[in-house]
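Participant: Chain residues, written in single-letter form:
Protein chains: 2
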Amino acid sequence: MKCKKCGKKAVANLRAYRISLCADCYVEFYKRLVERSIKKYKILSKEEQILLAVSGGKDSSAMASVLKEIGFEFEMLYIDLGIGDYSRDSKQKVEELSDLLKVRLNIVELKDYGFTIPQARGRVCSVCGTAKRYIMNRFARENGFDVVATGHTAEDIASFYLKNIAGNQQAFAEKLLPRIEPFDAKVVARARPLFEISEKENMLYAILKKLPFKSGECLYAPKPDWKEIVYDIELKKPGFVKNFVRGLTVEVKKPSETRYCSICGEIASGDICSFCKIRSKFSKSF
Amino acid sequence: MKCKKCGKKAVANLRAYRISLCADCYVEFYKRLVERSIKKYKILSKEEQILLAVSGGKDSSAMASVLKEIGFEFEMLYIDLGIGDYSRDSKQKVEELSDLLKVRLNIVELKDYGFTIPQARGRVCSVCGTAKRYIMNRFARENGFDVVATGHTAEDIASFYLKNIAGNQQAFAEKLLPRIEPFDAKVVARARPLFEISEKENMLYAILKKLPFKSGECLYAPKPDWKEIVYDIELKKPGFVKNFVRGLTVEVKKPSETRYCSICGEIASGDICSFCKIRSKFSKSF
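Line order of the protein sequences matches chains D and R.
Its first residue numbered 1, the first sequence is counted upward by one per residue in the numbering used here.
Its first residue numbered 1, the second sequence is counted upward by one per residue in the numbering used here.
All the pointers check out, no bait thrown in.
Keeping only pairs whose Cα atoms sit at most 27 Å apart, straight-line, the calculated DSS-like set for lysine-lysine is:
1) D:Lys31 / D:Lys200
2) R:Lys111 / D:Lys281
3) D:Lys223 / R:Lys237
4) R:Lys163 / D:Lys237
5) D:Lys284 / R:Lys132
6) D:Lys277 / R:Lys186
If you want a taste of the chain D side facing chain R, the calculated C-beta under 10 Å gives, among others:
7) Gly114
8) Leu162
9) Trp226
10) Asp232
11) Gly247
12) Val250
13) Gly265
14) Lys281
Hints were generated in silico from the structure; no laboratory data involved.
Don't be surprised by glycine CBs; every beta carbon is placed ideally from N, CA and C.
Produce the entire structure from the sequences given, and follow the hints as far as they go.
Facilitator: In structure tokens:
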């Protein structure tokens with residue numbers, strides 16, 4: 001398998017893009033992918049004060065590195081959730097990342113709020129989500145940031161969407177956009193610069209760039225049923241995940257005024273309705 | 001496996017409802033399922049002039065039979081698309097159905113419009129869709145019907161939705177509701193009385209009631225990729241399809257006025273924000 005760009009030995013075969021690339025060309029490709037996405041969906045602007053929420057995982061490490069590469073300035077925020085070795089190792093990774101990228105790292109300890117995640121037995125994930133959203137937003141606002149960027153991937157968004165629609169949580173599903181502007185002065189904008197990038201793409205970039213990141217899931221991580229469903233669909237329909245999350249960004253245009261077909265008088269979107277167009281093509285008597 | 005209702009030998013194990021039923025109890029169960037769905041989503045009313053679009057397949061045959069059973073009056077419409085033996089056999093089935101149910105059957109021949117489906121090589125399915133929608137709507141309006149009901153199933157809706165979202169056709173996806181009111185005087189309302197009923201449920205009802213229906217797909221039917229994806233998800237998550245299509249009906253409520261937490265001052269949906277609720281539970285110092 002050869003790199004489609006330079007002919008060197010390829011390290012990646014990107015089915016969604018039908019392209020094979022070598023290490024150097026992949027890193028360039030990934031950078032341009034993220035850059036184009038940020039531009040197209042107006043996810044971040046270089047005039048903003050940006051806070052990056054980082055976890056020590058591959059996705060947020062890749063996000064920090066690539067944003068730096070394409071010329072964004074930002075600070076990072078790590079929330080220490082107090083999950084034993086997992087939190088300790090993750091913190092170490094973000095500290096290494098901060099040194100490597102020469103980007104300021106802020107750390108908030110959940111225990112300063114009087115509790116840690118392991119206390120929330122039985123509802124760890126929902127408590128963790130609430131705590132992270134609260135702290136990200138409050139820290140960002142109190143420290144003068146305009147926007148918090150998170151490392152959510154295309155698979156995160158697609159699986160979250162399916163899960164929520166299937167659970168009658170349509171309202172939640174509506175929030176899955178690459179950028180959400182604040183609806184109140186106390187709320188800071190949210191950005192997802194990797195919303196159309198897949199986990200595999202982030203992983204490959206993180207490995208090729210030798211970024212520090214912690215592999216392995218949080219011990220409380222739920223069975224990733226919906227993620228696996230999304231992976232399965234992607235296997236059968238390469239490109240599904242990307243198309244799906246892009247689909248979520250499309251605003252539904254209200255139909256313009258109703259028109260009537262100049263031939264048959266039925267409703268039409270243009271001068272002639274689709275049925276009469278078909279008839280005029282296939283019917284000899286028409 | 002015994003019927004959960006009467007103890008007789010069960011013929012069906014409905015995973016989505018976690019219930020096993022015998023033939024008689026299943027027929028009753030199915031009837032009540034459709035009846036409740038029609039009521040809940042206001043899909044059809046007994047005061048309306050209803051036209052049922054029937055194809056000769058299991059779904060629309062089941063729809064006609066069950067609507068009759070639960071006391072709806074209607075006429076049926078069969079559109080002869082001119083697809084050789086397939087159309088001929090299908091027509092025969094709807095004629096038998098019409099005799100059995102003692103319901104008037106109307107037949108429109110596409111060839112009266114000067115062409116038949118096999119002429120549209122290469123784009124058969126899109127031409128067929130356009131032709132059916134056009135004829136259903138026009139026939140219904142010109143003959144004084146208030147609503148056209150089609151036999152779309154939960155799987156049809158879920159797979160169509162995923163396919164369209166993945167294809168950036170969000171606008172299309174928005175139309176997948178159990179009832180769509182006309183946006184213009186030339187348009188007749190559309191209803192999908194089986195929108196939360198699965199194909200398997202229709203099939204079982206059609207078999208147990210010994211309804212006439214044609215099995216076997218149209219020879220032009222595309223590879224049912226998206227349907228199979230939906231079946232796969234349902235296998236892994238029994239109940240997915242039903243929950244999914246119900247999810248599509250949920251209107252997103254605009255958040256009411258923003259409130260602020262009486263403890264920390266951050267935004268909240270009630271008097272106290274979710275983070276402070278968590279803190280008050282877990283933190284000793286709070």
